[in-house]
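Line order of the protein sequences matches chains A, B and C.
Under the working numbering, the final residue of the first sequence carries the number 352; numbering is consecutive throughout.
Under the working numbering, the final residue of the second sequence carries the number 479; numbering is consecutive throughout.
Under the working numbering, the final residue of the third sequence carries the number 334; numbering is consecutive throughout.
Because the hints were derived from the structure by calculation, they are not lab data.
Possibly wrong hints are sitting among the right ones.
As the list claims (entries may be wrong) - If you want a taste of the chain A side facing chain C, the calculated C-beta under 8 Å gives, among others:
no., residue
1, Ser130
2, Ala133
3, Leu134
4, Met207
5, Arg211
6, Val278
7, Leu332
8, Ala333
9, Pro336
10, Ile339
11, Leu342
To be verified - Chain C stretches covered by chain B per the calculated footprint, using a threshold of three residues with CB under 8 Å from any CB of chain B:
no., segment
12, 163-177
13, 297-309
Here a beta-carbon is modelled for each residue, glycine too, at the ideal position from N, C-alpha and C.
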Amino acid sequence: MNTPTRLIGWTVAIAIAALLPFFIHSGRWLDFVELTLFVSLLGQAWNILGGYGGQYSFGHAVFFGTGAYIQAMLQFRYGLGPWAAAPFAIAFGALVGSFIGFLSFRYGLRGSYFALITLAFAEAFHVLARSLVSITEGGRGIQLTLNQDPAQALSTFQFTFAGPFLSHAGYYYTVLFLLVVACVLTWRMEAGRFGAQLLSVRENEDAAEALGVNAFQVKMQAICLSGAIAASAGVYYVQKFLFVDPGIAYGPGKSVEALVAPIIGGLGTVAGPVVGAFFLHGVGEGAKGVIAAAGTSAPGLDLILYGVMLVLVLAFLPRGIVGLFTNLLGRRGR
Amino acid sequence: MTQSLVKTTRRQLLAGAAATSGVLAAPGILRAQGAPVKLGVVHPVTGFLQFSGSQCRFGAETAIAEINAAGGIKSLGGAQIEAVLGDAQSKPEIGAAEVERFQDEGVHAIVGAFASGICLATTQAAAKHGIPHVVDVGVNDKIVTRGLENTFRFGPGFGVITKAGVQGLIDLNAAADNPVKTCVIVHENTTPFGSFMAGLMKEGLEPAGFEVLEILPHPTPNKDFRNIALKIKELNPDVVIPSHYYNEGVLFLRTLQRQRVSPKVIYSVLGGASSQYRFLGEFPEAAQGVFDCNHWIDPKNEAAQALRAKTEAAGKSFSYEVFLAYTATMFAADAIERAGSPDRAKITEAMAASTWDGHFMPYGPTAMDDGQNTGSQPLVTQIQGEEIEVVAPADFATKPAKFPFA
Amino acid sequence: MDVFGLTLPSYSWETVAGSMISGVFLGALYALVALGLTIVYGVLHIINFAHGALLMIFMYAVYFLWSAVGLDPYVSLIILIPGGFLAGYALQRGVIGRFSHGRDEITLLVTLGIAIIIENGALFAFSATERQVVVPYDFDGIDLGVTYAVWPEIAALAGSLVVTVAVWLFMTRTDTGRAIQAVAKERRGAELMGIDVDHIYGISFGIGAACVAAAACLLAPTYAVHPQFGYLFVLIAFTVVVLGGMGSFAGALVGGFIIGITEQIGRLYLGESLGLITISATFILILLLRPTGLFGQRQ
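If we strip away everything but chain A, and leave its shape as in the complex, we get (with noise of 0.2 Å):
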C-alpha cells in the first residue's frame, strides 16, 4: 500500500475510533475496546524495540511497570497533580529503558539473552517494588484518592465520576490518545532515517555497521522510546484504577501480553500491534461467550479455548494477521 491510501486508511480507522462512543452505549462494549486499545499500546510498545528493531524484549513490564509507579508515587509522595506526573513518569520509562539497553547492548548481548536480561530486569524490579517499602509501600500497594466530584474531573485525571459524557468515555480518550500517539510515532519512524536503521539492525546488524549505522545508538534511541510509550500505558492503568502494586507493575503478565498482540498481529508493522490486540481481545470475548453458551461456568475452560486459537493461528498464519493481508494483496510482508 502506498502512503495516500495508508494515510486515507489509518484516518479513517481514527475517526471511528475516536465516534465509538458516541454509538456504543454499552459500557461492557466500550471497556472491551478500551482494554485492547490499552494493550495495542502495550504491543506497540514492544514492536518498536522488538519488530522493528529485532530485540526481543521479555520483561516490558519493568517499563510499563515503572511508568505506572512513578506515576503513583509522585502523587502519593509528594503531592504532584497527576498532570505534572505524566511526564515524569514517561521520562523515567524511558531512563529505566537507557538504563537497561546501555547495559545490555554495550555488553552486545543479543536474541535470547537480550531476551533474558529483559526478564531478570522486570524480575528484580519486581523484588524492589516488593522489598522497598519505605519507598513503594510494598506489597501494600499505592492507592490513590478517588475523586468524586465532577468538576474536578479534569483537574484530577480522573473520569469514573466526571459526569455523564465523561464518565462513559473519558479513560477510552485517554488511551485512544496515547495510542494514536504511538502509531504516528512508530509510522514517523517507520518513514524515516531511523526507521531504515534499526530495520537494518535487525536483519544483519554486522552488515549494517559495515555501512556505517551507529547499532549502538540506534537500539539504545528504540528502547528509550519503547520504554516511554509502554510507561505512558502504565500512567494510563493508574489514573483509571488508582492502585498499583508489585505484581500488577512488574508480574509476567504484561510482559506477556506486550509481545503476543505484535507477533500475531504483524511484527514490525505500525497495524500489527492494534490487529493483534483486536484479534486477541476477540477471540478472547468470543471463547468466553462459547462456553457461557455451552452452559458451564468452569473456569479456565474459556482460556484452554484461547491457547488453542493461539496455537493454531501461529501454525496457520506465521506472518502474523497484517503479514496475511498484505500478502493477499500481493505484496511480500516486509
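Since the structure of chain A is already known, use the hints to place chains B and C on it.
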C-alpha cells in the same frame, strides 16, 4: 437533604415490615413475579489467585442455590436469584471489565471480589453505575473508607483483625500468668494483608509489654522456609506470629517441625493454614496447638456446621473464603428482600440500614457504618486434637486455650 | 555489619552453616528443574515457556498415582520418566516442531500457548485446590547438628546427581546422544550426514521432559501442586541454565548449587524478600560479563 432522609427512613420501615412478614408482602409484589434478581458474582477464578477465587465462588453459588431452594426473594414474590458469574483472572482491570459486563446484563447487586486490589477496581466500577457491591473478603480497609456509597463489607478488615489478634494474645497470656514475652513476626509481603499486619501487630504488642525481636517478611509464593526456621531457632522467641496464605502456611509450619523448632506458642494472625481443616487432616502433628486469629464462624451455629458438611461433601475445604462469600451473598439477598424492590438505589439503602442477624458469623446484628459492618470480628482458634476449637473471645469459645502449648 | 548504609544482621555460624546447607538442598531442586530446560535450549535453541506447565502436570501425575494407586512418589519415577519422555517427544513432533515454522518468536508463542492450555486444562480438570502428597517419612531424616536434613531433601539431592550423570552418560556414550550433540552444534551438517533432525529434536525434547518428570517425583513430597505451581521454579531455572551455560548438563548442576546457596545466604542477610534480588542480580551479571555461562561455549 432532610426530605431525602425522611424518605429513606420510611422506605426502610416499609422494607423492614415486608421482610418480617413475607405473607403480607407477597400480594403487593405479584407484578414483579417471575423476573429473577440478577446477582453479579465476580472472583479471580483463574490466574494466581484461582484457589481463593474458586473457594469464594463456591460459597456464593451455594448461598444462591439455598436461597432459591427456600423460595427465592419472598418480598419479590419468590423471585429466584440468578447468578451472573464473572472471572477477574486475578487482574484488577479484568475485574472492572466484568463489572461493566454486569452493568450490561442488568445485575441488581454484586458480590466479590476476594483480593483487595481487585475489590478496589470492582467497587469503583460498580459505583460508577450505582450498583450495590458487597465485598466478601478484601481486608484492605481503604476499600470501605474512600467514600463509595455503594460499597459494603460484611466481614472485618485487617485493622479490626490485627487489633483483635493483639488483644487475644494479651488476654491469653494474662490468663496464663504471662508465660511469654518475646515474639517474632513472620508475614507475607506481597499482598496488602500481610504487609499491613506486621506493622500494626508490632505497634499493638510492644506497649503491652511484649518484645518483638524481629519481623521477617517473605514473598508469596515462597519456596523455602528453612532460613526463617533457622533464624527463629537462633532468636528463640516465646511466640511466633505468622501471617500468610495457605501454601506458605503449610510449608512454614512443616518446616518448623522438620527443623525441630518448637516455640512455646505459634499464634497466627490471618494464618493461611492455621485454621484449615485440610492442613489438620494432612499434617496433624505440625498443626497441633497452633493458634489463629482469623475469620471464623460461630461454632455453635447449626447452619454453619451444615455449610461445612456441604462444602466437604463437595470435595472442598471449608475455608474462610467459602463462608465469607456465602455470608456476603446471604447479606446481599437479605438486603434485596428488605428493599422489596430490584431497584439498585433501594437495595443500597437497605444494605446501609440492614440489621440482619440471620447469619452464622460471630458478628451480632448487622450495623453498617460507612459501608463497614461494625459488629464484625475475627475469632481466635486453636487446633486441638482433630478439631479446630474456638478459644477466644469467651462468648464463642468451645474449649479453653492450651497456652502455652509446647 | 554495614553495607551501603544497610545494617546487616549478624548470625551465629550455626545459622549461616544451616542456611548454606539449605542452599545445597534447594540448589539440587533447581538443578533438576533446570536440567530439562538446558537440554531443550541447548539442542533446539528455543526458550520453552511450557517448561513450568510440564513440571506442574507431571506433579499432578505423581499426586494421582499416590492418591489413587498408593504409589510412593519415588516409585512413580519408573512410570513418570518414560511417560515424560513420550509426552515430550509427542509434544515436540506433533505441535511445537510442526507449528513453529522454524522461527524463534513463533516457537516462543507456541510454547506459551501450550502453557496456557496445560495450565487451564489442569484448572478445569483438577480445580485450583492444592494437592499434597503426604509421605510417612516427611519429618524424618538425619541431624546434621546445625540443621536437620529430612529424607525428601536427601533424596532430591541424590536424585539430581544421578539424573545429571545419567543424562551425561547418555549424551556421550550412545549413538543417539552423539547425534543430539551433532545436531546441537551444527544442524545443517548433521542433516547432511543423514541424521533425522526432526526425530532428534523430538528425542531431545523428550529427554528434557523426562528430566522434568523426574524432578516432579522428587519435588512432590515437599510441595503441594496446583495449576500455577510451575511459576515457582521457572524463572530460577532460566537463571541456572544461563549461569551454567546454555546446553551444559554439568553447568545446570553446578549452577543450581551456586544459585541455591547464593539465594539462601542473600535471603539470610537481606531478608527473605529483598534477598531474592541475588537471583536476578546473578542472572544479570552473568549475562553481561559471561553470557556463555560457566561451562558453555559460544555458538
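Okay, the hints, checked on the actual structure:
Checking Ser130 of chain A against chain C by beta carbon gives a least distance of about 6 Å; that is within 8 Å, so the hint holds. Taken as an interface hint, Ala133 of chain A checks out: its beta carbon lies about 7 Å from the nearest beta carbon of chain C, inside 8 Å. Of the supplied interface hints, the one on Leu134 of chain A holds, with its beta-carbon coming within about 6 Å of a beta-carbon of chain C, less than 8 Å. Proximity of Met207 of chain A to chain C is violated relative to the hint, the smallest CB-CB distance being about 20 Å (cut-off 8 Å).
The beta carbon of Arg211 of chain A is not positioned within 8 Å of any beta carbon in chain C (closest approach about 26 Å), and the interface hint is therefore violated. Proximity of Val278 of chain A to chain C holds as hinted, the smallest CB-CB distance being about 6 Å (cut-off 8 Å). Against a cut-off of 8 Å between C-beta atoms, the interface hint on Leu332 of chain A holds, since the closest Cβ of chain C lies about 5 Å away. Taking 8 Å as the C-beta cut-off, the interface hint given for Ala333 of chain A holds, the closest approach to chain C being about 4 Å.
Because the beta carbon of Pro336 of chain A sits about 4 Å from the nearest beta carbon in chain C, less than 8 Å, this interface hint is met. Interface restraint check: Ile339 of chain A against chain C, minimum CB-CB distance 13 Å, threshold 8 Å, status violated. Annotation: interface hint on Leu342 of chain A violated; nearest CB of chain C at approximately 14 Å, more than 8 Å. Residues of the segment 163-177 of chain C lying with their CB closer than 8 Å to a CB of chain B number 8, which satisfies the three-residue condition for coverage.
Given as covered by chain B, the segment 297-309 of chain C passes the check, having 6 residues with a CB less than 8 Å from a CB of that chain where 3 are the minimum.
Of the numbered hints stated above, those contradicted by the structure are hints 4, 5, 10, 11, listed in ascending order.
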